[in-house]
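*Asks:* Assemble the whole structure, with the sequences as input and the hints as a guide.
Chains as they are written, first to last, in our numbering: chain A, 8 to 231; chain B, 24 to 224.
It is possible that some hints are incorrect.
[Said to hold, decoys possible] Sample of chain B residues at the chain A side, in silico, Cβ under 10 Å: (1) Tyr30; (2) Pro32; (3) Val136; (4) Gly161; (5) Leu162; (6) Leu168; (7) Gln169; (8) Glu183; (9) Arg207; (10) Glu211; (11) Leu212; (12) Gly213; (13) Ala217; (14) Ala218; (15) Asp223.
Bear in mind the hints are in silico, worked out from the structure with no lab data behind them.
Here a beta-carbon is modelled for each residue, glycine too, at the ideal position from N, C-alpha and C.
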Amino acid sequence: MIEFEGVGHHYGDRVVLSDVGLRLPERRVAFVGANGSGKSTLARMINGLVRPATGRVLVDGLDPSRDGREVRRRVGFVFTNPDSQIVMPTAGEDVAFSLRRSGLSAKERAERAAEVLAQHGLAGYADHPAHQLSGGQKQLLALCAMLVLEPAVLVCDEPTTLLDLRNKRRFVDLLAELEQQVVLVTHDLDLLGGFDRVIVLDAGRVVADDAPEPALRHYRKLVT
Amino acid sequence: MNVGGWYEPGSTLLHRTPAGWKFLVLFVLAGVVFFVTSPGWLGAICAAVALGYAVARVSLRRCLQVLRMLAILVVFVLALQWWLLGPVPAIVMCLRIVAALAAANLLTITTRVEDVVSAVERGMRPLGRFGVRPDRLGLLVGLTLQSVAALSTIAAEVREAAKARGADRSVIAFTVPFLVRTLRHADELGEALAARGEGDG
Numbered sequence: 008m009i010e011f012e013g014v015g016h017h018y019g020d021r022v023v024l025s026d027v028g029l030r031l032p033e034r035r036v037a038f039v040g041a042n043g044s045g046k047s048t049l050a051r052m053i054n055g056l057v058r059p060a061t062g063r064v065l066v067d068g069l070d071p072s073r074d075g076r077e078v079r080r081r082v083g084f085v086f087t088n089p090d091s092q093i094v095m096p097t098a099g100e101d102v103a104f105s106l107r108r109s110g111l112s113a114k115e116r117a118e119r120a121a122e123v124l125a126q127h128g129l130a131g132y133a134d135h136p137a138h139q140l141s142g143g144q145k146q147l148l149a150l151c152a153m154l155v156l157e158p159a160v161l162v163c164d165e166p167t168t169l170l171d172l173r174n175k176r177r178f179v180d181l182l183a184e185l186e187q188q189v190v191l192v193t194h195d196l197d198l199l200g201g202f203d204r205v206i207v208l209d210a211g212r213v214v215a216d217d218a219p220e221p222a223l224r225h226y227r228k229l230v231t
Numbered sequence: 024m025n026v027g028g029w030y031e032p033g034s035t036l037l038h039r040t041p042a043g044w045k046f047l048v049l050f051v052l053a054g055v056v057f058f059v060t061s062p063g064w065l066g067a068i069c070a071a072v073a074l075g076y077a078v079a080r081v082s083l084r085r086c087l088q089v090l091r092m093l094a095i096l097v098v099f100v101l102a103l104q105w106w107l108l109g110p111v112p113a114i115v116m117c118l119r120i121v122a123a124l125a126a127a128n129l130l131t132i133t134t135r136v137e138d139v140v141s142a143v144e145r146g147m148r149p150l151g152r153f154g155v156r157p158d159r160l161g162l163l164v165g166l167t168l169q170s171v172a173a174l175s176t177i178a179a180e181v182r183e184a185a186k187a188r189g190a191d192r193s194v195i196a197f198t199v200p201f202l203v204r205t206l207r208h209a210d211e212l213g214e215a216l217a218a219r220g221e222g223d224g
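*Replies:* Here's what the structure looks like:
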């Protein structure tokens, strides 16, 4: 389970989060909010990319600031821009890169990578140059590179912002089928149909925490 | 930018030869061509490399790409060397360059980067006791190739944007956004690597 206890953060003088306290046992949780509301910062704290200035974060009882490595083994993270997430020349190699410390042989890593790609709509792309994939395929590749590690939690920071409608739908359908706990950061309200809980942030504070319907009603009122 | 050296999948003899051997042969060949001075022998070596392309069944399109790259280079080198040293040394130098570069290209066409990297890693392992981290090498190679692709994309987009504003001759209109986006790319890349456990030792 993911817990935030009195979490606050600031970049220079600008306060981006203040006194956030949340317990997130649900399988599908979304952070919604305007640009600059602090939702991405909050999400980055889950795997220790950002350390809270005050308060603490716990993932299954582990503090990402202290046990970063252990936490990152449990928490996968998909970013907005797939071009910055792909580090190897071909799709198969990129997924296999995630397994570099798994103790598997190079052949086993390649097989495992091809398997995961095939399960998520990229069958036959293992030898394909990663940077010649379409935007939607690249984001699927970034997802595969995380899923191959079988994390317990998957955090996605606006993963569909750069995708067209069809690819967005596809990505969201895939997310819906995952057995992982998913924390989705988004300002795309169409994505939240099957979600258990939506947390609305505004200027670094939680202003609504509810089922999707009422939470989004609150958010719409906030922005108009 | 033509991402020239990417791997082309295949199952020919050259694809199946272990990367370490191919690497070694390439090194030896590159060494040999700089000791051989006879245009006849160098021509024979070039022919042998060309034969390698046939054995690896490299597509005509890729062959033409390689030829175009070599042709541009050869024209420059030939003109310069001919002017400075005369015809025979100029031809010898060009044949050397063609043999070495064509062979290097053949290696990258028939070998996955991962295989080259693990071959180099194996070769470097004895250096581990001197503090060299062979496992970092793979990442270095991957990131180098990734950065070439990423930077050329950024450059193209920035140039387009400058053109759209009628500022295609302005150095500032290119440099500033190019630097900003390059730095942002570096930040994002660092975050993505951290999220994938790089740096966790």
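*Asks:* Would you mind marking each hint as holding or not holding in the structure?
*Replies:* These are the hints, each one checked on the structure:
no.: 1; hint: Tyr30; verdict: holds (7 Å)
no.: 2; hint: Pro32; verdict: holds (4 Å)
no.: 3; hint: Val136; verdict: holds (5 Å)
no.: 4; hint: Gly161; verdict: holds (7 Å)
no.: 5; hint: Leu162; verdict: holds (7 Å)
no.: 6; hint: Leu168; verdict: holds (5 Å)
no.: 7; hint: Gln169; verdict: holds (6 Å)
no.: 8; hint: Glu183; verdict: violated (16 Å)
no.: 9; hint: Arg207; verdict: holds (9 Å)
no.: 10; hint: Glu211; verdict: holds (4 Å)
no.: 11; hint: Leu212; verdict: holds (5 Å)
no.: 12; hint: Gly213; verdict: holds (9 Å)
no.: 13; hint: Ala217; verdict: holds (6 Å)
no.: 14; hint: Ala218; verdict: holds (4 Å)
no.: 15; hint: Asp223; verdict: holds (4 Å)
The structure is inconsistent with hint 8 alone, although it conforms to all the rest.
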